Every structure is written in structure tokens, then in C-alpha cells.
Amino acid sequence: MHRTGDLFGQYQTLEQQKDSATLGMWLFLVTEVLFFGGMFLTYTINRSTYPIAFAWGSNTLDITLGTVNTAVLILSSLTMAMAVWSAQTDKKRLVTGFLIATLILGCVFLGIKFVEYSQKYEHHLIPGHNFDLSYHTEGPEGAAKLQEAFRQDPGLTAHTQLYVSLYFAMTGLHALHMIVGAGLVFWLILQSMKGRFSRSYNTPVEIIGLYWHFVDIVWIFLYPLLYLIDRHLK
Amino acid sequence: MSEHIVSPTVYVIIFAILIVMTATTAAVAFVDLGRFNIVVALVIATFKASLVVLFFMHARYIPGRTQLVIIAGVFWLAIMLSLTLVDYKTRRPESEPAPALSSMTTPAGYFAGS
Amino acid sequence: MPRVHYLNATYGIRSWLLTTDHKRIALLYLAVVTFFFTLGGIFAAMIRIHLLTPEGALVSPETYNKLFTMHGVAMVFFFLIPSIPAILGNFLIPMMIGAKDVAFPKLNLMSWYIYVLGGCFVLYSFFTGGLDTGWTFYTPLSSIYSNSAVTPAVIGIFINGFSSILTGVNFVVTIHTMRAPGMTWFRLPLFVWSHYATSLIFILGTPVIAITLLLCGVERIFHFGFFNPAMGGDPILFQHLFWFYSHPAVYIMILPAMGVISEIIPTFARRPIFGYSFIAASSIGIAVIGFLVWAHHMFVTGQATYSALAFSFLSYLVAIPSAVKVFNWTATLYKGSISYDTPMLYALGFIGLFTIGGLTGLFLACLGLDIHIHDTYFVIAHFHYIMVGGAIMGYLGGLHFWWPKITGRLYPEFLARIAAIVLFLGFNLTFFPQFILGYLGMPRRYHNYPPEFQVLNVLSSAGASILAIGYLLPMIYFVWSMRYGQVAGPNPWPATGLEWRTASPPPTENFEHTPVVDWETYDFVNRPDLGLATKPAPHLAPSHEDD
Numbered sequence: 000m001h002r003t004g005d006l007f008g009q010y011q012t013l014e015q016q017k018d019s020a021t022l023g024m025w026l027f028l029v030t031e032v033l034f035f036g037g038m039f040l041t042y043t044i045n046r047s048t049y050p051i052a053f054a055w056g057s058n059t060l061d062i063t064l065g066t067v068n069t070a071v072l073i074l075s076s077l078t079m080a081m082a083v084w085s086a087q088t089d090k091k092r093l094v095t096g097f098l099i100a101t102l103i104l105g106c107v108f109l110g111i112k113f114v115e116y117s118q119k120y121e122h123h124l125i126p127g128h129n130f131d132l133s134y135h136t137e138g139p140e141g142a143a144k145l146q147e148a149f150r151q152d153p154g155l156t157a158h159t160q161l162y163v164s165l166y167f168a169m170t171g172l173h174a175l176h177m178i179v180g181a182g183l184v185f186w187l188i189l190q191s192m193k194g195r196f197s198r199s200y201n202t203p204v205e206i207i208g209l210y211w212h213f214v215d216i217v218w219i220f221l222y223p224l225l226y227l228i229d230r231h232l233k
Numbered sequence: 000m001s002e003h004i005v006s007p008t009v010y011v012i013i014f015a016i017l018i019v020m021t022a023t024t025a026a027v028a029f030v031d032l033g034r035f036n037i038v039v040a041l042v043i044a045t046f047k048a049s050l051v052v053l054f055f056m057h058a059r060y061i062p063g064r065t066q067l068v069i070i071a072g073v074f075w076l077a078i079m080l081s082l083t084l085v086d087y088k089t090r091r092p093e094s095e096p097a098p099a100l101s102s103m104t105t106p107a108g109y110f111a112g113s
Numbered sequence: 000m001p002r003v004h005y006l007n008a009t010y011g012i013r014s015w016l017l018t019t020d021h022k023r024i025a026l027l028y029l030a031v032v033t034f035f036f037t038l039g040g041i042f043a044a045m046i047r048i049h050l051l052t053p054e055g056a057l058v059s060p061e062t063y064n065k066l067f068t069m070h071g072v073a074m075v076f077f078f079l080i081p082s083i084p085a086i087l088g089n090f091l092i093p094m095m096i097g098a099k100d101v102a103f104p105k106l107n108l109m110s111w112y113i114y115v116l117g118g119c120f121v122l123y124s125f126f127t128g129g130l131d132t133g134w135t136f137y138t139p140l141s142s143i144y145s146n147s148a149v150t151p152a153v154i155g156i157f158i159n160g161f162s163s164i165l166t167g168v169n170f171v172v173t174i175h176t177m178r179a180p181g182m183t184w185f186r187l188p189l190f191v192w193s194h195y196a197t198s199l200i201f202i203l204g205t206p207v208i209a210i211t212l213l214l215c216g217v218e219r220i221f222h223f224g225f226f227n228p229a230m231g232g233d234p235i236l237f238q239h240l241f242w243f244y245s246h247p248a249v250y251i252m253i254l255p256a257m258g259v260i261s262e263i264i265p266t267f268a269r270r271p272i273f274g275y276s277f278i279a280a281s282s283i284g285i286a287v288i289g290f291l292v293w294a295h296h297m298f299v300t301g302q303a304t305y306s307a308l309a310f311s312f313l314s315y316l317v318a319i320p321s322a323v324k325v326f327n328w329t330a331t332l333y334k335g336s337i338s339y340d341t342p343m344l345y346a347l348g349f350i351g352l353f354t355i356g357g358l359t360g361l362f363l364a365c366l367g368l369d370i371h372i373h374d375t376y377f378v379i380a381h382f383h384y385i386m387v388g389g390a391i392m393g394y395l396g397g398l399h400f401w402w403p404k405i406t407g408r409l410y411p412e413f414l415a416r417i418a419a420i421v422l423f424l425g426f427n428l429t430f431f432p433q434f435i436l437g438y439l440g441m442p443r444r445y446h447n448y449p450p451e452f453q454v455l456n457v458l459s460s461a462g463a464s465i466l467a468i469g470y471l472l473p474m475i476y477f478v479w480s481m482r483y484g485q486v487a488g489p490n491p492w493p494a495t496g497l498e499w500r501t502a503s504p505p506p507t508e509n510f511e512h513t514p515v516v517d518w519e520t521y522d523f524v525n526r527p528d529l530g531l532a533t534k535p536a537p538h539l540a541p542s543h544e545d546d
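Protein sequence lines correspond, in order, to chains V, G and W.
According to numbering that gives the first Met the number 0, the first sequence is numbered sequentially starting from 0.
According to numbering that gives the first Met the number 0, the second sequence is numbered sequentially starting from 0.
According to numbering that gives the first Met the number 0, the third sequence is numbered sequentially starting from 0.
Don't take every hint at face value.
In silico SDA-like pairs for lysine to any residue, Cα to Cα no more than 20 angstroms straight-line [what the hints assert, rightly or not]:
#, chain 1, residue 1, chain 2, residue 2
1, V, 17, G, 62
2, V, 91, G, 5
3, V, 17, G, 60
4, V, 112, V, 194
5, V, 91, V, 195
6, V, 112, V, 122
7, V, 17, V, 194
8, V, 144, G, 33
9, V, 17, W, 297
10, G, 88, W, 297
11, V, 91, G, 6
12, V, 119, V, 172
13, V, 17, G, 68
14, W, 105, V, 8
15, V, 119, W, 222
The set of hints was computed from the structure by calculation and includes no laboratory data.
Keep in mind it's a predicted model, so treat the numbers as computed, not measured.
Just chain V, with the same shape it has in the complex:
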């Protein structure tokens, strides 16, 4: 099928093309909902079975970094939406600007995640590698809490490892999606710098934007489920 201008050969009109692309991306996002959904199901079952271990594991996460990351992603969604707006209103240089901002924010997110993962390694919280629950339990008060937790759940070590495994699996899959998203945004920047996007043709920005916002939404759920379990107890 040949392409004439912006219109690919299998389509009759640009509107049909844009409709198809948008519907296609939304359907793909539905598959992503079910894909992450399987892990959310695993989380739900495990958390309801091991509430103590999940609370314990959640409190080993750095809530500041998690909250900052959430704000970073929300800001990146704003810049992404502004990139689409700029294309729709023929402001070609702003498109590139907002896309670059989105990419930078995405990289900040990934950078913070890298810091968090390294912290996990330093604090002996990698499942299967000298896993040590006593992080954050300095002093007699901390030791008493740990003892109480073990009393309520004798298998605390194994069950907290389950929590941390799930943390790595869920945030890892999310980070992979962020990396793909970053790659797509980078491709958009290259196209935008050639002045490709305008009021009449901005479909790629719109649909990659949809993907980016979706990845943000996954994090909006991951954040409270992973970082905010029983924080009032600490």
C-alpha cells in the first residue's frame, strides 16, 4: 500500500485513518489493563493472605521518593497533553519543547527508580540474597516491633520476600513500559524537529500520548498499593 502525503493507501480519508489509529491504540491499552491486571490479582490475593508481611514490606520503601516519582509522572502527563495541544494549534516549536520536557521527566522517574532499586540492594532486601528483615528496626523499639510481627506471622521472612518480589515484578514491568514510552517519545521528538506535526496531522503524538498517560495511570495505582500500606503503624 502506498502512502500519498499523510494518507496511507488502505484508507479512503485522513479522518478514517485517525479514527482507526485512535481506536487501535485504545484497544491495545485494554490489553495492557488485563496484562497488568494479572499482577494486580496476584497482589490482591497475596496481600489478603499476608497482611502483616505486606505492611512490613511496604514500610521498607522510601515514601518520599515514591511520592516525588508520582508527582514527576503526573507532571509528565501534563507536558505530554500540552505537546498534543501544541500540535493541534500549529505551534510546532512548542511541540518539540513539551515532548523534550516529557522525556526528561520520564528519565527522572527512571533515575529515581534506579536509586530505589540500589537502596534495596544495600539494605539486604533482594529476595533470595541475604534477605534481612531488620531494615528500619534499629533500637529496642524496632526489635520489639519485629518480634511482634513475627508472632503474628511466623513465616514473616518468606512472606515479606513475596511482597518484595511482587514490588520488583510490578515496578519492573512498569519501568519497562516507561522505557518503551521514552523510546517512542524520543522518536516523536525527532519527527517533531522536522516539523512533521500540525493541526492537520498529529495522530502519532495523540496516540503515543495515550500510551504515556496509561503508564502514568498504572503508577497512580501502584503508588498507594505498594508504598502506603499501614504507614500509620510506623
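Fit chains G and W to the given chain V structure using the hints.
Quick look at chains G and W alone, frame taken from chain V:
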């Protein structure tokens, strides 16, 4: 092309609400609401996600057929979660012993006429 | 035969491997799908030879486990799931709706490459240690204890899943946005409706098997423990995740075949199909209700009675739309002008065998009975009646029906009818004894059995050899026909779909001009151009009462 262009003002307002809700959910996590902590957290997260879907992803302005796609996706996730939980929540807890087998399940018991 | 068509429009291997023409992509799929069918068939042959004697005649118990696993994986994931959608669906859907191609042709080609890549991983698994977990990959055997090549296999199936997902997205968007002017939803051929429903399942279900196998593989590599009881994990969770997809997957395997039958029956009964809108709605109904029944595979895992009851009831419910289809196909035959060409033989065979398979599914959905026949040969017979007696007969019927359109040539009709009958007889001899074996208590996936079961097993293996002949014959004469078959012309049957209004083989853009549709589907009455010898029955002729 019938394209509804959302104004930057709307975007910035939605962004502000999202940030406020993020701070709220973090703060509420430090308050003891017992079983309702998770409920509040999920309600806030759902509210935030809805804002992103409706405004950033333009779901308010797209044809009904595409809106149905979104609803179907969420509904199917709900099916998977709820029916699996139905099985888990109705199983006998491990602490409870299994009921004694009736004597009818072995040939001797069956023909003993009990 | 037209001078220029999609097969000879461009030459060379690059024009095939880089094609975006949905018709060529369909043929690329045909080649690889046939390879996996043959591979799965070889494993099946080895199983049936082994089971000729009670102690096992051919292989060791460990190898036997690998045989039935690899048979299942190859057949389910690499043959049955892609077969009709990726071959016939890809070839026909754009033509049936009057479009030049699918909505995303490059994505379509990528789907094929993804399928091949997934297949390579699985072949690597087969040939470096094999797979012995059963195609169901239950944990913790698959995630921890199995010494076979599980990891490459789950990677391969994971990758293959994306081929399905992208095909599903492509079909849904194509059907929504690429229909020709006048092609309203209720003028769509039922083949399109059934593929739409199948695509819904592709989209909503496949991602779940993807994440499930990903978690299984991750557990195997990193020892995470989600499904390992020793680490606090739960094997039942794996089963829930696995069956949430794998039950709807069986509807992926049967719905397209039902779509084929819905095209064949009206053509060879020369009557509009009975109850078009009910058949269309039942396709959607099967797709939706099919997602609510998965735990009927888990009745013996310790479910609470009321939970099991709910799933049992829903499983009975999902049989209703299937039954609606069987009644409507049968009603279409009534007062029709029936001819017994090969596609019709397959379609009639489908109706009978699918009915038996479907009814025995109800046996299994019955809680009390399932306790006895779960994991026995009864289950195996049940699903082979549907998968082979149903899906494969639909696939072969469709291949025969559309072969003239795809190649421009006719296959040899007499030989094809013989092959269809041989296949039907061989199939029944293979699988009917298995109902009895299962009912008598022979478990599935066992490499040996008590001597009193030998006669039935030998009958089954004998049937399998006849069935094999039934499969080999079409492979031979289809290839023969591509060179020596009689030239077909645009509409040899004749049939009423849009695809039959263009040349055989079609040009690359499908139609000379975009068709404008102003007629109903299966309208045999108002088509003098079809040259049908018989007059339509009086009750079908246009009524003149209101003139």
C-alpha cells in the same frame, strides 16, 4: 475533522487537582482508619485515574464506541478480580479441619447399611 | 484466470517476506501453521503407538510426558488458535467488507513475524530437552521442579500471544472503520461476526496468559515464589490466572470455525441462513459468557460448593448460544436445495461432531459427575470432538470452500469427498472409544493402563492411523491442484459473498472499484447472475401481496 481541542487551562487545573490528591493520599496513609485505609487509597487512585482518562486522554470527547472499549476493559478486569476472590473467600480456612468423610464412601461402609 | 493477481503481481522472496498484502500474509501463515500441525500430529501418532499396549509400547514414562505436552502446546498455541483467524480471517475479512486491506497492514506482517519468533523459541524448547509439564504448565512442577526446557517454551508462548493480540486489534479496527459504503453491521457475513467475537477474546484474554507465563518464567529464573507453597505462594492462583485465558481460548478455537460453517451451509443449501441476527448475537454471547466459566477446570481443587455451583451454572449457560447456532444451521437446511460438495460434507460433519462434543461438555460441567470423570479420557474425548471434530473440520471445510478464491483453481472433488469421509470415520474410531475409556476410569496423561482397557486403546490407535490418511490426502491434492487443478473462475459454487464478486485469484487491491453494497447477505433469491438451476422455494420468493 471534528476535533475538540482542550484548553491548557483545563490541563493545568486537572494537574493541580492530581497533585493535591497525591498529597492527600500520602497524608491519609498516616492516619489509622483500620480497614478503610485501603478503601480510601483506592477511591483516591480511581478518582485520579479517571481524571487522567477523561481529560488528558480526551475520553470525554471521543465517540461512545471508544468509551465502551474503556469501560469493557475495566469491567473485564473487575470480572477477573471478583470471581477469583469469590473462590478464595469461600474456601474453608486452613485452620478449620475437613469434615469427616461419610461412611458411605468405602465399600464396607456403603454395604454396612449405615 | 486473470493475467495479473496478488500471487504474481510482484516476484521474489523479498516481495513475500516484506509484503503488507493481507492475502500474502495469510499464505505465510498457512505455511507455518501447516508445519506446526504436522509436528503436533507426529507427537500424536507417537502417543497412539505407545498406547497400543498396557505397559506402553514405544517410549519411557518421562518421554511420554514430553510427548503429550508438546502435542498440546504445538496444537493449541501454534495450530488451533492461529489457524482460521490468521489464514482465512486475514485473507477474507477485508474482501468480505469491501476494503483494500486491513486497518494496519504493517502490524499484520509483524504479527506473522512475532508468531514465527514465538515458534522458534518453542521449537528450541522441544529439541533441547523437551517439555513435560502438560500444556497447562501447572505450578510448582513448571516453575520449580521440572527438569525440562520450560523457560524457552513459556517465552515462546508469551511472544506468540502478542501475535494474537495484534491480530485481534487489527480485526476489530478493520471491521469498525474499513467497511465499504452500504456494508452495515447487519449485512456483514457471519464469518466476519464470528471473527469480531474471536478478536474480543484475543484482546481481553490473551494478555492474562501472557502475564501468567511471564510470572511462571520469572519464578523459575529468579525463584520468586508466587506459586510455590514452600515460600508462601499459591499454585491455585496460577490455575486461576491460567484458566482465565485458557477457557476463553477454546472459544477462540471454535468461533472462527462456526463462522466458516455459517458461510458454507447457506451456499450449499442455496438458502439464506436461518436467524442471522441470532447467530450474530450468539457469537458475541459466547465470547462474553465464555469469560465467566473458567473455574470449571478447577472443581477438584477444593472450591466451596456454592462457588463451584455458580461456575457450573454459568458453564451450562454458555452452551445455549452454541445450541442456538446448531438449531439455526439445521433450520437452514430445511427445504433447502442441498448438494454434497466437500465443504458441505465438512460442515455437516461439524454439526454432528460439535454437538456431541458440546453435550459432553455439559456432562463435565455437572459437579457430581465431574468428580469422577475429571482428568480422565472422557475429558480428552470431549475436547477432541470439539477441537478436531469441530474446529479442524471447520478449518478444512473453509480451506476447501475458499481454495478456488485463494488459488484460482479447483481441488479434485471426488478425491476430496473420499478424504472427508475417511477423516470423519477415522476421527470417530479414534475418539469415541475414549469416551468409554474415560467413563470406565482411565486417567489422562498416564503412560500405561490396566490390561482390560487395551481393546479400546487399540481401536483408538487404529482410528488414528485412518485419521492420518484423511489429513494427508488434502495436503497432497491441494499442492497438486495449484499446478494441475481446473481453473475456477470468480464464483464456482456459486456463493453470495462480496469476495466472490472479484476475480479468482483476486487482484492485490481486492476490487477494481470500491463496491457499494445495497443488498442483504445470503440473498440467493434476488441473484439471477448466480445462474442457479433451481427456483427458490415458493415461501422464499419475494412476496407480491403488497403490489
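Cross-check of the supplied hints:
| no. | hint | in the structure |
| --- | --- | --- |
| 1 | 17(V) / 62(G) | holds, 13 angstroms |
| 2 | 91(V) / 5(G) | holds, 17 angstroms |
| 3 | 17(V) / 60(G) | holds, 14 angstroms |
| 4 | 112(V) / 194(V) | violated, 33 angstroms |
| 5 | 91(V) / 195(V) | holds, 8 angstroms |
| 6 | 112(V) / 122(V) | holds, 15 angstroms |
| 7 | 17(V) / 194(V) | holds, 19 angstroms |
| 8 | 144(V) / 33(G) | holds, 18 angstroms |
| 9 | 17(V) / 297(W) | violated, 44 angstroms |
| 10 | 88(G) / 297(W) | holds, 15 angstroms |
| 11 | 91(V) / 6(G) | holds, 17 angstroms |
| 12 | 119(V) / 172(V) | holds, 17 angstroms |
| 13 | 17(V) / 68(G) | holds, 17 angstroms |
| 14 | 105(W) / 8(V) | holds, 12 angstroms |
| 15 | 119(V) / 222(W) | holds, 17 angstroms |
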